[in-house]
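*Asks:* Okay, here's what each chain looks like letter by letter:
Number of protein chains: 2
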Amino acid sequence: MDETVPNYTFEDFTPGRRFDFSKRTMTADEIIAFAREFDPQPMHMDEAAGRASILGGLAASGWHSSAVMMRMLFEAYIDGSTSEGSPGVDLMEWKRPVLAGDTLGGHCEVLDARVSRSRPEIGIVRMRAEVTNQRGELVAVSEYINMMRVAAKGADHADG
Amino acid sequence: MDETVPNYTFEDFTPGRRFDFSKRTMTADEIIAFAREFDPQPMHMDEAAGRASILGGLAASGWHSSAVMMRMLFEAYIDGSTSEGSPGVDLMEWKRPVLAGDTLGGHCEVLDARVSRSRPEIGIVRMRAEVTNQRGELVAVSEYINMMRVAAKGADHADG
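Which chain is which? The protein sequence lines are A and B, in order. Under the UniProt record's numbering, think of the first position of the first sequence as 1, with each following residue one higher. Under the UniProt record's numbering, think of the first position of the second sequence as 1, with each following residue one higher.
Don't read these hints as lab results, they were simulated from the structure. All residues carry an ideal CB built from backbone N, CA and C; glycine is no exception. Keep in mind that a hint or two might mislead.
[Said to hold, decoys possible] Okay, the calculated beta carbon distance ranges per label pair:
1) A:Asp29 - B:Ala28: 22 to 32 angstroms
2) A:Gly16 - B:Pro15: 22 to 32 angstroms
3) A:Asn7 - B:Gly56: 23 to 33 angstroms
4) B:Glu121 - A:Pro15: 41 to 51 angstroms
[What the hints assert, rightly or not] Capping the alpha-carbon separation at 35 angstroms, the derived lysine-lysine pairs in DSBU-like fashion look like this:
5) A:Lys23 - B:Lys95
6) B:Lys95 - A:Lys95
7) A:Lys23 - A:Lys95
8) B:Lys95 - B:Lys23
9) A:Lys95 - B:Lys23
Using the sequences and the hints, build the whole thing.
*Replies:* Set out below in structure tokens:
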């Protein structure tokens with residue numbers, strides 16, 4: 001990542017454009033470590049408690065799945081981009097449990113994009129992310145806003 | 001936490017009931033550690049990059065603020081309860097930046113609660129959480145579902 005060489009800028013986010021996620025396997029150790037810090041419910045900390053719960057096994061906290069999705073988004077398009085962060089998410093659904101050993105993947109897609117009326121140097125991009133497991137089942141869905149700076153005037157950018 | 005002695009069960013979640021959060025100060029170290037793992041954008045990793053961004057300082061990833069909110073919820077009412085987790089959130093807004101040194105607090109409140117039609121041993125509780133900073137400014141808001149088991153028949157529970 002080199003902040004002086006932005007990769008994607010607002011202009012790259014045309015409706016329908018997709019960015020694929022890299023695969024990532026969730027280990028029991030990282031599920032437990034996240035839970036210990038942020039969500040120490042028994043089904044996120046202990047295999048037997050997870051099996052006894054409606055989740056059916058040692059299951060990642062939904063917020064852990066969301067944080068992993070964030071990392072996937074970072075690697076898919078945010079790294080090196082003009083992203084200025086997000087004011088929030090319109091939708092965050094945890095559709096199925098994410099269990100220890102599951103391999104996650106998926107993609108995100110541009111829903112729509114417009115330049116901010118009050119801050120014309122900032123574009124407002126609405127995205128949808130879908131996280132799937134190794135059986136192709138949807139485990140998490142999010143729709144969220146990503147603020148991206150527009151390309152600097154005179155910058156050497158393919159779409160500028 | 002003692003799994004054999006549930007504290008709150010579904011019956012405790014009456015609309016309007018509030019649970020206060022404990023205070024927690026966000027350190028630069030923990031902001032950077034979370035960002036390194038899940039959201040390594042420059043404004044979450046570096047003070048100067050944060051000041052140069054629209055966030056105005058070294059700022060926690062929104063997903064970090066959400067994870068800290070989860071921990072506050074755990075301590076406020078989930079620990080020892082019959083919580084069975086959540087299918088997702090209807091709303092997750094990051095209203096203001098959470099900067100290194102900010103002290104977070106707030107509360108959550110029951111919006112409504114009903115027993116599941118398909119699984120009468122499970123109650124569906126809708127909650128709203130508000131996270132504030134040391135100036136009383138709202139930094140994060142969430143509305144989400146929490147599934148809670150109903151009190152076991154014959155269990156020694158105040159509302160059972």
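*Asks:* With reference to the structure, classify each hint as holding or not holding.
*Replies:* Cross-check of the supplied hints:
no. : hint                                   : in the structure
1   : A:Asp29 - B:Ala28: 22 to 32 angstroms  : holds (26 angstroms)
2   : A:Gly16 - B:Pro15: 22 to 32 angstroms  : violated (42 angstroms)
3   : A:Asn7 - B:Gly56: 23 to 33 angstroms   : holds (24 angstroms)
4   : B:Glu121 - A:Pro15: 41 to 51 angstroms : holds (44 angstroms)
5   : A:Lys23 - B:Lys95                      : holds (31 angstroms)
6   : B:Lys95 - A:Lys95                      : holds (26 angstroms)
7   : A:Lys23 - A:Lys95                      : holds (18 angstroms)
8   : B:Lys95 - B:Lys23                      : holds (18 angstroms)
9   : A:Lys95 - B:Lys23                      : holds (31 angstroms)
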